[in-house]
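Number of protein chains: 2
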Amino acid sequence: MSTSTPVRLRIFSLNCWGIRYLSKHCVQRFAMIRDHLNREQHDLVLLQEIWCEKDYLFLKRELGNTYRYSHYFKSGVIGSGLAVFSTHKIHDAFLYRYSLNGYPYMAHHGDWFGGKAVGKVLLNISGMNVHVYVTHLHAEYCRKCDSYLPHRVVQSWELQQFIRHTSEGADVVVFGGDLNMHPEDLGNRLLRTYTGLKDCFTETEKFDGCEGGLTHIIDNPFTNKQDLARFGRGIRIDYILFKGSERVDVKCESLSTTTGTAAGHPFPLSDHEAVSAELQLCVRKMPSREEDKHNSSATDQLPDLINIITEARTEVKVGVHCAERMRYTAARTGAMGLALLLLELAIAAVPCFSLGTDQPFPKASFYLLGVLCFTILLSTTLLYVFYSIEVKALQGAEDQMRLAMSSLQERLKECPRSISQDLKRKEPDSQDLRSPDPDA
Amino acid sequence: MSTSTPVRLRIFSLNCWGIRYLSKHCVQRFAMIRDHLNREQHDLVLLQEIWCEKDYLFLKRELGNTYRYSHYFKSGVIGSGLAVFSTHKIHDAFLYRYSLNGYPYMAHHGDWFGGKAVGKVLLNISGMNVHVYVTHLHAEYCRKCDSYLPHRVVQSWELQQFIRHTSEGADVVVFGGDLNMHPEDLGNRLLRTYTGLKDCFTETEKFDGCEGGLTHIIDNPFTNKQDLARFGRGIRIDYILFKGSERVDVKCESLSTTTGTAAGHPFPLSDHEAVSAELQLCVRKMPSREEDKHNSSATDQLPDLINIITEARTEVKVGVHCAERMRYTAARTGAMGLALLLLELAIAAVPCFSLGTDQPFPKASFYLLGVLCFTILLSTTLLYVFYSIEVKALQGAEDQMRLAMSSLQERLKECPRSISQDLKRKEPDSQDLRSPDPDA
Chain A
1 MSTSTPVRLR IFSLNCWGIR YLSKHCVQRF AMIRDHLNRE QHDLVLLQEI
51 WCEKDYLFLK RELGNTYRYS HYFKSGVIGS GLAVFSTHKI HDAFLYRYSL
101 NGYPYMAHHG DWFGGKAVGK VLLNISGMNV HVYVTHLHAE YCRKCDSYLP
151 HRVVQSWELQ QFIRHTSEGA DVVVFGGDLN MHPEDLGNRL LRTYTGLKDC
201 FTETEKFDGC EGGLTHIIDN PFTNKQDLAR FGRGIRIDYI LFKGSERVDV
251 KCESLSTTTG TAAGHPFPLS DHEAVSAELQ LCVRKMPSRE EDKHNSSATD
301 QLPDLINIIT EARTEVKVGV HCAERMRYTA ARTGAMGLAL LLLELAIAAV
351 PCFSLGTDQP FPKASFYLLG VLCFTILLST TLLYVFYSIE VKALQGAEDQ
401 MRLAMSSLQE RLKECPRSIS QDLKRKEPDS QDLRSPDPDA
Chain B
1 MSTSTPVRLR IFSLNCWGIR YLSKHCVQRF AMIRDHLNRE QHDLVLLQEI
51 WCEKDYLFLK RELGNTYRYS HYFKSGVIGS GLAVFSTHKI HDAFLYRYSL
101 NGYPYMAHHG DWFGGKAVGK VLLNISGMNV HVYVTHLHAE YCRKCDSYLP
151 HRVVQSWELQ QFIRHTSEGA DVVVFGGDLN MHPEDLGNRL LRTYTGLKDC
201 FTETEKFDGC EGGLTHIIDN PFTNKQDLAR FGRGIRIDYI LFKGSERVDV
251 KCESLSTTTG TAAGHPFPLS DHEAVSAELQ LCVRKMPSRE EDKHNSSATD
301 QLPDLINIIT EARTEVKVGV HCAERMRYTA ARTGAMGLAL LLLELAIAAV
351 PCFSLGTDQP FPKASFYLLG VLCFTILLST TLLYVFYSIE VKALQGAEDQ
401 MRLAMSSLQE RLKECPRSIS QDLKRKEPDS QDLRSPDPDA
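One line per chain: the protein sequences are A and B, in this order. For the first sequence, position 433 (counting from the first letter as 1) is numbered 433 according to full-length UniProt numbering, and the numbering increases by one without interruption. For the second sequence, position 394 (counting from the first letter as 1) is numbered 394 according to full-length UniProt numbering, and the numbering increases by one without interruption.
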């Protein structure tokens, strides 16, 4: 650690809505994003939904003077959409592709083709190891009847696993992205509680922007007002999270969002609002004491965490059940297709059904039925393979959750006293939380 | 760290060749594996190719008294085949699925269906954080003309990335598995050099088993003698690797392999030989000094590492070229299929070609041609999507390699003197390597 004076880190996160030929004013908006970024001069820019590599290359070329370093994560059929621009050198990059990400036949939703993932880049800022994560989870198309919920929960599970396992050597962890989850949604709680990441919106000393930190708002001209109407003015689904370590203390000094408009332009940067945070990184003087504090804080969250994982397991189990049912349906339909195809072949082979001009079975219908059987057989085989992969991935996540639960429950048993004391301390009726009384 | 007396860790790794109905004597061999493991009482058992979950559950049930803890990694259509059995509690498990793993249409090779991955489990042994990795890479079916080489290189790249990024908090790293690579193959060098993992075979104080540590040998009754003939007695493709840390010193005390037979049985445990290692873990007394040594050892490997990554990039570029060519072929064939289909529709629509009884274009041929066009269109679309994913994954790996190279080259520039001194020290003609002379 080469510094002991606070370092300021300005972070920007935006879902760019960069679907060429489908998103409105795509080219103009990327030019606006370029101008905005060049003007604001952040340290770290985390972008999502840059689906076309050309748009990334445009930004890379145009932002080269301000943000010397950048990385674009490639994944799926059209890319992961994730890009990082930085004024600090990027030393290493690593991508984790989520095992589940929607269905290829839901082409109008398109998530599967995007190969959703979490990207990590390593920075060294004034001697501090800063691990930066950017992600974009599967969209929520219908909150009431969300068939993608198990996929999003598994993505959240894998996201927290990836962050926990790859950030052990980090002095500072910074996360930005579009989680497609409301602040208190299951996956969001799972991510924050298990990793210990703090939400800039709840931690900031100063906030400026949409009320409640909303990032998908009714006032944005690109959003579908009907979809958002039931949530009031909008929802908060884009986040900047952070975590310090026993060596570095991190504080969020300010947070801001755009507000559905861009000064001097007829439309905003994107259909999402951009989030900008200013963090203060400060090397601690007494690392060991803080480490104790850090461990204790993790311990008093154990009961919450166990409840959240139980909830996640239930969702994943529902997902397993659905996927197994779909696989069974695919198998049954495939078997019917095969039986019909065999029947057709038998008809063709047996002379009394011969397909001459005077046949009882019309030739055209015969061949069309053949095509139908063949199509059914092929598509159900592909679906069977796809659902088998889905079942395995869901079961795998559930196994890992069970294992983690067992380990956490053991930790809970080992320290019941300290937790009950902590819980007592947290009881608002019996104790003023802000009291610094050490005997409380 | 609660211990300062050496701890012994006995590790076992075996590719079980557990393809139900295809592998010979599968049920009997799993019973033999159970007996072997119950008799030998290792601390840690890393198994590959348990393709059927029933076989894992059989081992879990039968080994429960000896190995209380276990985890089976689920992935792909039929599972990753990876399982861990341990006498120490498994606290956490995490799976990374490789982005590339062969082709689904190469069903006779079957690798794609296996969902190859690297699994990690966390153990706590006498206060030490032991990170355990198990993997199985894509098979090499033809060494001279290996179309899967880019995939295996990308798997090695992702494997070393996963290990490096997830083992920062480890006191001890243990790796076991079937790499399907000879000791000096590119992917193997990449893995060892970048992670700093040491090969038990080259580090062991005592060895017992097949000459040269071979694990896929001509003397094994299940192996194809013809395939192995050109490599002499066999090849070494199964490994146990390890690494200590600044806090824990790890030594390999002994290593052994089975030798193509199993005492008292007419056939061996598998078509691969099992590898068993005994490691000695010893908490260091002066961690900081060792850390310096560790860093310096990483630094003097930089030129080698840069050369290896350059080599890997070349292989991946060849892979990108091949995948792009295949994608182009799929697109062209698909376009031809579409053109033919449109022509058919035009024939059906234009009255002069009408498909009456006296038509010039026979009805049967017309429909069969339609089926053919449709099949071509569907399969080329699927192939196009598949090759696009392959291209993106290969390009993504190459981008990450370029980034890593740039970072390593910068490190190399920062410490050219120390390296040239190190290289000079390593020159066998000018200096006796075993001399402890500090001024050398």
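In case anyone wonders, no lab produced these hints; they're calculated from the structure. Ideal Cβ placement from N, Cα and C applies to all residues, glycine included. Each hint should be verified, as a subset may be incorrect.
Claimed, not checked - Think about it this way: if two alpha-carbon atoms lie no more than 20 Å apart in a straight line, the pair counts; the simulated EDC-like pairs of lysine to aspartate or glutamate are:
#1 K89(B) <-> E40(B)
#2 K54(B) <-> E324(A)
#3 K317(A) <-> E40(B)
#4 K206(A) <-> E40(A)
#5 K363(B) <-> E40(A)
As the list claims (entries may be wrong) - Now the in silico label distances, taken between C-beta atoms and shown as ranges:
#6 S126(B) <-> L338(A): 53 to 63 Å
#7 L342(A) <-> G169(B): 28 to 38 Å
#8 Q226(A) <-> T310(B): 34 to 44 Å
#9 L342(A) <-> L22(B): 20 to 30 Å
#10 E40(B) <-> E168(A): 51 to 61 Å
#11 R61(A) <-> A331(B): 47 to 57 Å
#12 D249(A) <-> F231(B): 50 to 60 Å
#13 T299(A) <-> K24(B): 18 to 28 Å
#14 Y328(A) <-> V27(B): 47 to 57 Å
#15 S379(A) <-> Y21(B): 42 to 52 Å
To see whether the hints hold, each was checked on the structure:
1. For a cut-off of 20 Å, the pair hint linking K89(B) to E40(B) stands: about 19 Å separates their Cα positions.
2. For the given pair, K54(B) sits about 18 Å from E324(A) by alpha-carbon distance, which is consistent with the 20 Å threshold.
3. Of the supplied pair hints, the one linking K317(A) and E40(B) is violated, its CA atoms being roughly 37 Å apart against a limit of 20 Å.
4. Of the supplied pair hints, the one linking K206(A) and E40(A) holds, its CA atoms being roughly 18 Å apart against a limit of 20 Å.
5. Between K363(B) and E40(A), the direct Cα distance comes to roughly 68 Å. Violation of the 20 Å bound is thereby established for this hinted pair.
6. Here the CB-CB span from S126(B) to L338(A) is close to 58 Å, well matched to the stated 53 to 63 Å.
7. Look at L342(A) against G169(B): about 58 Å separates their beta carbons, and that is not inside 28 to 38 Å.
8. With their beta carbons about 55 Å apart, Q226(A) and T310(B) fall outside the hinted range of 34 to 44 Å.
9. Range check, L342(A) to L22(B): Cβ separation about 26 Å, and the 20 to 30 Å hint holds.
10. Take E40(B) and E168(A): their Cβ atoms lie about 32 Å apart, and the range 51 to 61 Å is violated.
11. A beta carbon spacing of about 28 Å between R61(A) and A331(B) contradicts the range 47 to 57 Å that was offered as a hint.
12. Distance hint for D249(A) and F231(B): a CB-CB separation of about 57 Å, consistent with the stated range 50 to 60 Å.
13. The hinted range of 18 to 28 Å is not satisfied by T299(A) and K24(B), whose Cβ atoms lie roughly 52 Å apart.
14. The supplied range of 47 to 57 Å is broken by Y328(A) and V27(B), whose beta-carbon atoms lie about 27 Å from each other.
15. Range check, S379(A) to Y21(B): Cβ separation about 27 Å, and the 42 to 52 Å hint is violated.
Checked against the numbered hints above, the structure violates hints 3, 5, 7, 8, 10, 11, 13, 14, 15; every other hint is satisfied.
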